[in-house]
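Participant: Here is what each chain is made of, one letter per residue.
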Amino acid sequence: MTIRAAEIAKKIGAELVGDPDKLISGVATLLEAGEEDVTFLTNPAYRKHLATTRAAAVILAQPPEGGEGTYFVSSDPRRAFVEALRLFFPAPPPPAPGVHPSAVVGENVQLAEGVSVGPGCVIENGVSIGKGTVLRAQVFVGRDVVIGESCLFHSRVSIREGCQIGNRVVIQDGAVIGSDGFGFAPGDEGYATIPQVGIVVLEDDVDVGANTTIDRATLTRTVIRRGVKLDNLIQIAHNVEVGEQTVMAAQVGIAGSTKVGSHSMLGGQVGVAGHIELSDGLVIAAQSGIVSNPKDVEPVNGMRVVGGTPARAIQNWRRIEASLSRLPELFKRVRKLEDQK
Amino acid sequence: MTIRAAEIAKKIGAELVGDPDKLISGVATLLEAGEEDVTFLTNPAYRKHLATTRAAAVILAQPPEGGEGTYFVSSDPRRAFVEALRLFFPAPPPPAPGVHPSAVVGENVQLAEGVSVGPGCVIENGVSIGKGTVLRAQVFVGRDVVIGESCLFHSRVSIREGCQIGNRVVIQDGAVIGSDGFGFAPGDEGYATIPQVGIVVLEDDVDVGANTTIDRATLTRTVIRRGVKLDNLIQIAHNVEVGEQTVMAAQVGIAGSTKVGSHSMLGGQVGVAGHIELSDGLVIAAQSGIVSNPKDVEPVNGMRVVGGTPARAIQNWRRIEASLSRLPELFKRVRKLEDQK
Amino acid sequence: MTIRAAEIAKKIGAELVGDPDKLISGVATLLEAGEEDVTFLTNPAYRKHLATTRAAAVILAQPPEGGEGTYFVSSDPRRAFVEALRLFFPAPPPPAPGVHPSAVVGENVQLAEGVSVGPGCVIENGVSIGKGTVLRAQVFVGRDVVIGESCLFHSRVSIREGCQIGNRVVIQDGAVIGSDGFGFAPGDEGYATIPQVGIVVLEDDVDVGANTTIDRATLTRTVIRRGVKLDNLIQIAHNVEVGEQTVMAAQVGIAGSTKVGSHSMLGGQVGVAGHIELSDGLVIAAQSGIVSNPKDVEPVNGMRVVGGTPARAIQNWRRIEASLSRLPELFKRVRKLEDQK
Chain B
-14 MTIRAAEIAK KIGAELVGDP DKLISGVATL LEAGEEDVTF LTNPAYRKHL
36 ATTRAAAVIL AQPPEGGEGT YFVSSDPRRA FVEALRLFFP APPPPAPGVH
86 PSAVVGENVQ LAEGVSVGPG CVIENGVSIG KGTVLRAQVF VGRDVVIGES
136 CLFHSRVSIR EGCQIGNRVV IQDGAVIGSD GFGFAPGDEG YATIPQVGIV
186 VLEDDVDVGA NTTIDRATLT RTVIRRGVKL DNLIQIAHNV EVGEQTVMAA
236 QVGIAGSTKV GSHSMLGGQV GVAGHIELSD GLVIAAQSGI VSNPKDVEPV
286 NGMRVVGGTP ARAIQNWRRI EASLSRLPEL FKRVRKLEDQ K
Chain X
-14 MTIRAAEIAK KIGAELVGDP DKLISGVATL LEAGEEDVTF LTNPAYRKHL
36 ATTRAAAVIL AQPPEGGEGT YFVSSDPRRA FVEALRLFFP APPPPAPGVH
86 PSAVVGENVQ LAEGVSVGPG CVIENGVSIG KGTVLRAQVF VGRDVVIGES
136 CLFHSRVSIR EGCQIGNRVV IQDGAVIGSD GFGFAPGDEG YATIPQVGIV
186 VLEDDVDVGA NTTIDRATLT RTVIRRGVKL DNLIQIAHNV EVGEQTVMAA
236 QVGIAGSTKV GSHSMLGGQV GVAGHIELSD GLVIAAQSGI VSNPKDVEPV
286 NGMRVVGGTP ARAIQNWRRI EASLSRLPEL FKRVRKLEDQ K
Chain D
-14 MTIRAAEIAK KIGAELVGDP DKLISGVATL LEAGEEDVTF LTNPAYRKHL
36 ATTRAAAVIL AQPPEGGEGT YFVSSDPRRA FVEALRLFFP APPPPAPGVH
86 PSAVVGENVQ LAEGVSVGPG CVIENGVSIG KGTVLRAQVF VGRDVVIGES
136 CLFHSRVSIR EGCQIGNRVV IQDGAVIGSD GFGFAPGDEG YATIPQVGIV
186 VLEDDVDVGA NTTIDRATLT RTVIRRGVKL DNLIQIAHNV EVGEQTVMAA
236 QVGIAGSTKV GSHSMLGGQV GVAGHIELSD GLVIAAQSGI VSNPKDVEPV
286 NGMRVVGGTP ARAIQNWRRI EASLSRLPEL FKRVRKLEDQ K
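Chains as they are written, first to last, in the numbering used here: chain B, -14 to 326; chain X, -14 to 326; chain D, -14 to 326.
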């Protein structure tokens, strides 16, 4: 597929600066682009490569001064880049609707128009799946699960009994939704299992990463609100609620009954203790340990950014980290002061 | 199902205070209970909600003074709550015994009475499975595995060749038991794989969380003792031994050949180094890093509680954490003292 | 199988000290060996057990002075031990070539000589698999994947569309290769998904642990170079490159677009930030957080070893950790100095 620059500008919603007749046939990074590729600049650290890229054109927020190349100028170059990707890499056609002969489908299962149930899938009794949803292969859907429209579950996803999934939910391979919460009552003869009779609710437009696990509630609902994006290998314990549009990087763990606010960002490997409630709009640095809702943190550029264990305002934490390097030396200085007495 | 309070008290082993004829039809949390629900109070932080709950009755250790409601009083309210849950949410009937036609079962496989092998399961040669055990769906059981009675393996569990599973073992979806231990011998031409010819033993009443991995021993046995409870996404390396009745929260990692004591509790994301032996009855705070068996830790309320990296008595660690906040300021104070010389 | 010591010495490439006619029938640890077992000593901490082991012979680098036993002396006892293991525990015969009747194989799939596709596997269209590769059971292989020779994929591995796997690659149960990278562009109506159209490349002799996840690149390739060994539950994000012969312990997380050097060793639960480039030959202590390539770290015994967050030379980090214990006391000492003014 080869497209004129003028047409691309229109399709990705950007302003064209340069040659409208430039022919473009692909998308690539600044370093790897060839003479028929469009590339993009969203990370300022890569701006230096503008001078040497072989790309036919660059999507960016501001063309270089005196630059002679062809540019797609956008106030949101990341979005424009997404549009360019969709143009050159259109989503593959959905698999043919229907149930693969190797899939096992229980009784009283309702499959709406366009649903595709791939090879090796197992669907228990009483399940309902909305229009156009695709179960790719070897997916497990427990009894009485309700799944919305236009979802995509990759290979080996498990949705346990009774859980409720919204529309346009995408789940990567191996993720588990609705495993039993970790609830045991200690007693004289060891731990007794507390039955976990609640469910998990994933609202619309949620994304779940590969091998991530989300436990069902003890009695009620573990809820992942609209638009939440979860990366790989994340643990969400029973009775947790995650507010809408919150994003978590890989290997985060949220302990039971905690409420994570909306519009927040959690870095990789962050741990959040159980039974606490976090504010909206929190940004938590990678590997931090959150044991209570951080207080007295002033917004920096509109975000309340915290780090460390227990978490503090990120600038305070960075200062502490820096001073640690000089800690052994500080002991010597204090010793010297004492000796001077 | 609607039950009189007097009958519930008898069935859950609690003392009734209040109206014996109160009708109860469900279990719910303090905040969500309706007028026919029984609720429970086990976490003192929620005691304030006693005044406003709409619940018909409350399971607790001590009724409020002057309270007019109906109470189930128990010295172990968590246990009584478990009994109430079992009353109102009886376990679903086990699936019909037998082998689903889509399952693949090898030669010389012994399935005792009542065993259920669900759709998509694969059982290799020489496997033996005890009475009443349920493999829900898409479970993999490698050759010569021995599984006890009354186990429940949820979807997509893998039990690799030769491993031994006790009775009443419950394994959540996607967990892997018996993957090859991580053993490589460095050499001139890269790493050579050290064959991992040992097994994993899960004793009776072990619970394993979703997507948790337990590696087989190099030569002998990785052993998880009776009553151990493992949460999701935990890593147990080769040759590890975990003592009985020990509980680990999600994302804990135990390195190779380490012995974790019995009756211990490991918080989420704890890491334990290899080739060490920990005491019984240790409580390890979340995210701690354990590089040796903590010494000189006095029991607090009967538990030896440690935290941090390397782990120290928790009260010492909390003191260190608190003092970190004032560390940058300490540098200034020392500078001032030096300037005054 | 019983073998004379003289013959074993020849087969494992070690020098025999002691009785050449000693009969040996198995391999066991120092503590568990019986009178017909060969054992091994590679960890100096276990040297004290030499005096009491019942083993017929010991593989080691240096026999004890005045020892009367039988020894296999090798400059690389770990390698000699691997050879002994291979002698007494030969790899099981590969499964019979062919496609199990329960497997589902798409169109235009090329299976070379000796390929074994086990029960419950799903292979999409256009896949190519090289000589002697074994897919054990319930493996998923997406469209147009290319897999080399002599690979072994254990149960429930997923290889997503378009990925490229070299020769002799071993993947443990439940691992996911090629899940979509975590890429979302924030906007007014929530996050838009950035299509992930790149792939994952695993070069020759790579090992991947159970339930580990490796994301596909946005546009290009996530690359795991020759001889890399990854343990369980590791997260490799999109566009990462891992240099050859690098080893990572369990639960490590590498954020997007980062380059990890060759011949490096990452301890368990290490986190590495995105968009950075690490040197070759780096050793990173468990649980460390790497936010930039560690500078000014002198090699110790030929390795550049770092630890902590942010990572520093390990000896500096150990000194800081040690001094933390005395930090609360330091505050008191400074207070006292101030009071003396």
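Where hints are given, some of them may not hold.
One copy or two, it doesn't matter: identical chains are merged, so the pair holds either way.
Subject to a maximum C-alpha distance of 30 Å in a straight line, what follows is the list of computed DSBU-like cross-link-like pairs (lysine-lysine) [stated by the list, open to error]:
1. Lys321 - Lys(-4)
2. Lys7 - Lys(-5)
3. Lys244 - Lys33
4. Lys116 - Lys280
5. Lys(-5) - Lys321
6. Lys317 - Lys33
7. Lys244 - Lys317
8. Lys116 - Lys7
9. Lys280 - Lys33
10. Lys326 - Lys(-5)
11. Lys(-5) - Lys317
Hints were generated in silico from the structure; no laboratory data involved.
Treat the numbers as computed from the prediction; the structure is a model and nothing was measured.
Participant: Indicate, hint by hint, whether the structure satisfies it.
Facilitator: How the hints compare with the structure:
no.	hint	in the structure
1	Lys321 - Lys(-4)	neither (70 Å within a copy, 63 Å between copies)
2	Lys7 - Lys(-5)	within (14 Å within a copy, 70 Å between copies)
3	Lys244 - Lys33	between (42 Å within a copy, 19 Å between copies)
4	Lys116 - Lys280	neither (45 Å within a copy, 55 Å between copies)
5	Lys(-5) - Lys321	neither (71 Å within a copy, 64 Å between copies)
6	Lys317 - Lys33	neither (45 Å within a copy, 40 Å between copies)
7	Lys244 - Lys317	neither (45 Å within a copy, 38 Å between copies)
8	Lys116 - Lys7	neither (41 Å within a copy, 46 Å between copies)
9	Lys280 - Lys33	between (40 Å within a copy, 23 Å between copies)
10	Lys326 - Lys(-5)	neither (77 Å within a copy, 71 Å between copies)
11	Lys(-5) - Lys317	neither (66 Å within a copy, 58 Å between copies)
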